[in-house]
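Asker: Listed here are the chains, written in short residue letters.
There are 2 protein chains.
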Amino acid sequence: MSEKIVLFDTTLRDGSQTGGVHFSVEDKIKLTRELDEMGFEYIEGGWPGSNPKDIRYFEEMKKVKLKNSKLSSFSSTCLKNARPEKDRILAELLHAETPVCTLFGKSWDLHVKESLETSLEENLRMIHSTVEFLKSRCDEIVYDAEHFFDGFKANPEYAIRTLEAAASAGADWIVLADTNGGTLPEEIRIASRAAFAAVDKPIGIHTHDDGDLSLANTLAAVELGAKMVQGTINGLGERCGNANLCSIIPTLSFKLGYETLAPEKIAELTRLSWLVSELSNKPHQENLPYVGDRAYTHKGGIHVSAVRKNPRLYEHLSPELIGNKRRVPVSDQAGKSNVLQKASDLGMKIEDVHAKSIVAKVKELESQGYHFEGADASFELLSDDLTGRRKEFFKVHGFRVHTWENDKGEIWSEATIKISVPEAIAGGHTSAFEHTVAEGSGPVEAMDRALHKALENFYPSIRDIRLTDFKVRILDEEAGTKAVTRVLINSTDGHLHWGTVGVSQNIIEASWRALIESIEFKLKKYEEKS
Amino acid sequence: MSEKIVLFDTTLRDGSQTGGVHFSVEDKIKLTRELDEMGFEYIEGGWPGSNPKDIRYFEEMKKVKLKNSKLSSFSSTCLKNARPEKDRILAELLHAETPVCTLFGKSWDLHVKESLETSLEENLRMIHSTVEFLKSRCDEIVYDAEHFFDGFKANPEYAIRTLEAAASAGADWIVLADTNGGTLPEEIRIASRAAFAAVDKPIGIHTHDDGDLSLANTLAAVELGAKMVQGTINGLGERCGNANLCSIIPTLSFKLGYETLAPEKIAELTRLSWLVSELSNKPHQENLPYVGDRAYTHKGGIHVSAVRKNPRLYEHLSPELIGNKRRVPVSDQAGKSNVLQKASDLGMKIEDVHAKSIVAKVKELESQGYHFEGADASFELLSDDLTGRRKEFFKVHGFRVHTWENDKGEIWSEATIKISVPEAIAGGHTSAFEHTVAEGSGPVEAMDRALHKALENFYPSIRDIRLTDFKVRILDEEAGTKAVTRVLINSTDGHLHWGTVGVSQNIIEASWRALIESIEFKLKKYEEKS
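Here the protein sequences come in this chain order: Y and Z. Per this note's numbering, the very first residue in the first sequence carries number 66; after that it's consecutive. Per this note's numbering, the very first residue in the second sequence carries number 66; after that it's consecutive.
Only chain Y is shown next, with the shape it has when bound in the complex (with noise of 0.2 Å):
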């Protein structure tokens, strides 16, 4: 049987440190939940001992039971000369009441003098009875050892004795960490070796990308016999950020033979990182090895027809691995067992001759903008429409929406809105039209409001209908107020959740899309239903 590799992902926590990300707490239980899933054997959630939010999801948290995974909350060592028992940073960690706690200290001397400005002796102090305050009233730590290379290279023995401090105190996990990200794979091996021989427990690897060496470093560490790996996903973090776990586990995987996540789920890789890219607002990196859009994509012509010939010839690795396609740019080549994956999913019947023609309308609806990622119900009525099953509820005949700022610097939106239903269900209603208007607190509120009040009348379903989640993404920034808008609606009904897209130039119409298509689907499963 291959050897087991211990995955530990900080996407939460390190990864939450990237200029630009900021996670709210539905993102991180939501995140969490996707984790436990793949298998991550721990996830650390936060630091509640550094703001509000993390402490809120730690709270969230007590009443989500995880399958696989080990909840870590994350601190720092207490403060110098002073004792764990009275530390409050500490106590917010213990509240979390997570099985793990992670537990940083220093490693560095120079750390020690210039940060801390405390002894050497004081900090192997503050290590120790740190390890041991937690051991007592905690099932598992993890001993991350902050730059531990750094303080490897500047003072060899006090480094270890660092690692020493923390093992002998009950530490059941000692971590590496080249937390400044510059060190090199042989400046690794040096110091992995010193601390296997000082250490008798377990050891982990933490890398960072300043260097462009993380992936490197961390087989470094892991060929020398380290059985936990840190890392994030898309390899978000501080600066340059951690080691991508999107790389990490292929190559553990399937280049040396490791065991890591389940191969089932290690197909699902891709769309986990298209999810953590969503939920950080951040572009999909399209020149991400394994999980990125370019991964796989051809320009080159030789490339293309050799790759038809036979894709070993210029992949290193099958992309279904990973989740991930072949992308052959301006070519009609598959996608078609995606479109039937999916679909049956979704639990819809589609024959092979309309998952073609879906296939080439999401290709072109794709190069405008779209992506049906997390938006289930647009694909599926988007696919009822191409195999001439979608029904028309009602008719849009225009919409007005109007924002002003007053004198007294008040803003309202308003919207106005005209639309039709079939005459089946109009039945004796006089009018030909709903022309309702209503106000709002922005202008999708009002649009959104202006639509129950036309359509409830003759569809009191979906009175239900409550959006829990609206997201919107600028394509093609550099186009400044040109560029392409994408909404992304979440709705629910207290039991169904589905999620609508929206694409255009205008970021009203975008939203107006979404919105329109979040009512409709609802109708369609109403119906189907009844």
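Worth flagging that the hints you see were computed from the coordinates, not collected in a lab. Any given hint could be a false lead.
Given that identical chains are not distinguished, each listed pair holds provided it fits within a single copy or across any two copies.
[As the list claims (entries may be wrong)] Below, computed lysine-lysine pairings styled on DSSO-like, alpha-carbon distance capped at 30 Å: (1) Lys118 with Lys374; (2) Lys473 with Lys460; (3) Lys118 with Lys320; (4) Lys536 with Lys426; (5) Lys95 with Lys364; (6) Lys292 with Lys218.
Computed from a predicted model, the values in this text were never measured in an experiment.
Chain Z: place on chain Y using the hints.
Answerer: Chain Z in isolation, oriented as in the chain Y frame:
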């Protein structure tokens, strides 16, 4: 004296294979001159046999005298069962009249059989006769052994024989290529050792990033004695890209003690990286090691206060060495030290007492959803406000934005605004208010145009403003259409670049606030200069 590594730039050839990148002939000439100024030993300009643009480029380049670099054209070996003398593509190569010709041939038996569809012996004949033919007509031949590492894994003896065929025919350099980019460093070492043992020519290394290991693989070959490194600026290239010279150069020079470019030229690497992003019409990747905007951005409060004491604490290398700079965003994890650092970065003088009130205000605004990380200009205006230095260039008396869809499904946006300017500026202008209206493809464009219409008569300097980036982030997304929206706008006048932010429950208002501050900031800077 330190050992010299020769740099071979292929941004204009392999880099131009990047999805979405289309260099014009003018772009190519401009970049060639820049690379020459920097001191790259070799510049691979293109593949004259593959497209007419590259033929034109080489024609133009005959008039350009390079100071430091040797220009190379690129081609494959002659066709099977044919003589190089009769080869049309090789004739184009020689037409380019470059001092160096780079030739690629097949090292992998699978490629010979399935892609070339010929015999292993015939492939050796093609390599040998083409190198021999070119060597008598061109000063220097660089032979690229395509798929050498995959070939060595499949059939080591044959892969080595292909190198010998090129070497014995007179190639000046033998370059080992990991064309599919999936090789591991240890595999690079094993195959490179065999190549060094077999071939008595200087050896080069050419890697790709499909396995996230392009730099590690390059280093593995250099450590064994490779004297030439091939790569591209920003890691442009097919699929996940080539090895990134912006990472290779500082690693070799500053971490491993080799000689590459002159240190004062390495200090221009960040500028060169930006130039290539601009020419390739790609956003500059912010997490790029060494040259990215985020490579030296410190977000966590602990990191920031430590870096103020000593940058080494959280930086693996000084940003100045590669012409990058330290950045400290003002974010939710910030304290007074971030504000003081930021102010000094912006060239503002802020006293300690004011810093405190600015921190308080920033935190208050951040709790409403503001975020100054990408909005230096808004931060500066806010600081001016709190220190009594903010000037009122104009006053807004209200705005109104309409967006509507007519019966034909056409969408329009129209904005009307009312502003006034101070007496001193208005001068003899008859009306107290400027009241203007404009259309746009979306509400923001319409507002922007109406503002310009109203203000340009009084402040002609704002004519130069161009919005370069527009980002929308929905905060508290669970709130659906009631969610708070943050809009970030980047602007430029061709010289300065600045960012502004607006936050509101109303997306139109948020955009409006960011727009207004963009214009105000330009007016402030213009006045300071005058």
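Asker: Given identical chains, is Lys292 near Lys218, meaning Cα to Cα at most 30 Å, within a copy, between copies, both, or neither?
Answerer: For Lys292 and Lys218, the Cα distance is within 30 Å both inside one copy (23 Å) and across copies (28 Å).
Asker: Measure nothing new, just compare the shortest in-copy and cross-copy C-alpha distances for Lys118 and Lys374 to 30 Å and report within, between, both or neither.
Answerer: Answer is between: at 28 Å across copies they meet the 30 Å cutoff, but 53 Å inside does not.
Asker: Give the relationship of Lys536 and Lys426 under a CA distance limit of 30 Å: within one copy only, between copies only, both, or neither.
Answerer: both (23 Å within a copy, 27 Å between copies)
Asker: Is it within a copy, between copies, both, or neither that the alpha carbon of Lys95 lies no farther than 30 Å from that of Lys364?
Answerer: between (36 Å within a copy, 24 Å between copies)
Asker: Go through the copies and call it for Lys473 and Lys460: within, between, both or neither, with a Cα cutoff of 30 Å.
Answerer: So Lys473 and Lys460 pass the 30 Å test across copies only (12 Å; inside, 38 Å).
Asker: Is it within, between, both, or neither for Lys118 and Lys320, if the alpha carbons may be no more than 30 Å apart?
Answerer: neither (39 Å within a copy, 40 Å between copies)
Consistency note: the structure conflicts with earlier hint 3 alone.
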